[in-house]
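Q: If you want the building blocks of each chain, they are given just below.
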Amino acid sequence: MHWDFASVFANTDALLAGAVGTVRIFAICLVLGLSLGLVVGLGRYSRHRLFYWPATAFVEFFRNTPVLVQILWFYFAMPMLLPFSIDPLAAASLGISLNSAAFSAEIYRGGIQSIDRGQWDGARALGMSFLQAMRRIILPQALKRLTPALTNRAIEIFKMSTLASAVAYVELLQQAKLIASLNFNPIEAYTAVAVIFFVFLWPLVQLTYVLERRLARDE
Amino acid sequence: MTILAVSGLAKRFGDNTVIAGIDLDVKKGERIAVLGASGSGKSTLLRCLNFMEMPDAGTITLGGKVIGRRDSELALVRQRIGMVFQQFNLFPHMTALGNVMEGLRTVRRMSRSDARARAEKELARVGLVDKAAHYPAHLSGGQKQRVAIARALAMDPELLLFDEPTSALDPELVGEVLGVIRALAEEGCTMLLVTHELGFAYHVATRVIFLADGTIHEEGTPDEVLKRPKKQRTQAFLARHKEFSL
Amino acid sequence: MAYQWDFTPVLTNADLLAQGLVNTLKVTGTALACGLVLGLAFALLRLSQNRLASWPAGFIIEVFRTTPPLVQLFWFFFALPLIAGIEMTPFMAAAVTFSIQSAAFFAEVFRAGIVSVERGQWDGARAIGMTHNQALRRIVLPQAVKRMIPAFMERAIELMKTTTLVATIAYADLLFAANEIAQKTFRPLETFTVAALIYFVFITAFSLLARRFERRLAVSGESTVH
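Chains as they are written, first to last, in the working numbering: chain V, 1 to 219; chain D, 1001 to 1246; chain A, 2001 to 2226.
Keep in mind that the hints were calculated from the coordinates and are not lab data. Keep in mind that this is a model prediction, so the values were computed, not measured. Among the hints, a few may not be true.
Quick list of in silico lysine-lysine cross-link-like pairs, DSS-like style, CA-CA up to 25 Å [stated by the list, open to error]: (1) V/177 to V/159; (2) V/177 to A/2146; (3) A/2161 to V/159; (4) D/1028 to D/1121.
Model the full assembly from the supplied sequences, consistent with the hints where possible.
A: Put into structure tokens, the structure is as follows:
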């Protein structure tokens, strides 16, 4: 069988453009997803109905619908309601970020709930408000515990970047499709991209194992 | 008639030598109590006898034949040497009857009706026929241990090993288990019994061995070892068990 | 000008949507069943002492967990047929991809479940003369499987969402059907909203069922009081 990796290497600029696109959407969704997730997570933790119910509705909806459906909805459906169109990056980012926010919200909530009640007592006894206690005492401790789960989420977000190819956003998989269709070498093109993802993600996955072990040991 | 002959047994865990050379002959009908302080190697000795731990040195002869290391042979050996554990180790996803039947069905490949009949007999022997359909989670500690004994008995072992059978039980449940072991002793069951119940050992055992530093420090009849111990360490050990009074 | 909602085009194409839903369930079910069996095989290989068995299994598991599902799907649909010289329908590519992917996940769950069964159970089994395999089959696995049911249900739900990826290789699942209808009727808003709602209702219902089942398991199960 004749493997033709040469044409893949000849298209390194296309792959590079793809890599840039992948990293860009990853960064956007990581920041948006994890920060919105914190806000929603706090809402899920809250005892006030005003915060709890919208947060719960958000989490339930964006966890129980597939990301690809959300991306296509934002790209095809939402523009019908708006006077402007949505570009692929925006649509994909919205879908992935909201989905990640829903999942990280639960991670945050779990972490906050796992902090011993006594810590709240200590903070309140010093006169701290809810937000002060959360910011200075609770969250720092919770975040330490949540690092493995959040790192996992980051890995998932990185993998989800490939879904943006469904709306023709220029990231690695989209470029692989391009190279494959131009050079008729889908084997090499898709294998190459798979290898790139593996090489990039494998250290991160090993990192989560280390973090999980370290956490289990410290607890 | 010697059932089990142990010669030069040794076992190490890393740098720690737990058994440093033990010779022991177990004759049919003997009831040997194994005493010793924590860490003296009592449990390890028992677990070596049925190869739940692999000895580092020495030979163990069962019925005249030296036991090798192959997994298939060991599985057969463990049918002939039964073991009762401190933590019972009952199978939680089976009823009491199921637990007792399990060895007969899976290992002996008996038919379901034969295994059931035999299992019911063994449960009756330990006084738990009415609990046959109960799951271990719904049994008391004493009942669980009695089911464990029935499970071991169902395999018709030539030798029964008891590894601190009452140490994990609440005091008021200890008696029912000791009662079953005493009944077995009176029926002529050959057994090795690791226990802290010195009074029980005195009345039930035909021989007592006291372990220290991984070897048999002193051995003899219950009278000799428990009432008139010769060695200093044996005396010190017995003195610590103040509740032991004759 | 406010948008005029009109769901009738969606309703007239309801049969397409229904067929799409059926196909979604077909792929999900197949991948789940194969993934379970394959996952157990992977787990046992990983636990084996034999390096020749555990290492390849470990490698496959790692590869499938560190590469994006969509890349895997494309690879199996476009690349594998050329390498192996076989015909791959979208369904086959989807079934193979998601089976192995689920298996990679299930393998870890199986392994953790088996390892979590306390050592005393192995002791009890061996003490009555069971071989390693008999002990695994009769005593350890049944207990391990019960503990893994929550993780399995969770994975089943994930799988239902992941299989939407097959729409990108033109397999007529629910999402693909929705896309077709949207393009045909020029009503993407109504169509995709309906599709999203169908997924939502389905997955939420299954989630609730799974949670109820878990609670029932916890009540009847092993409340061992040693």
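Q: Indicate, hint by hint, whether the structure satisfies it.
A: Structure-based check of each hint:
1. V/177 to V/159: Holds: residue 177 of chain V and residue 159 of chain V sit about 16 Å apart, inside 25 Å.
2. V/177 to A/2146: The hint is violated at about 43 Å.
3. A/2161 to V/159: Distance of about 15 Å is within 25 Å: holds.
4. D/1028 to D/1121: holds, 23 Å
The earlier numbered hint that this structure contradicts is number 2, and it is the only one.
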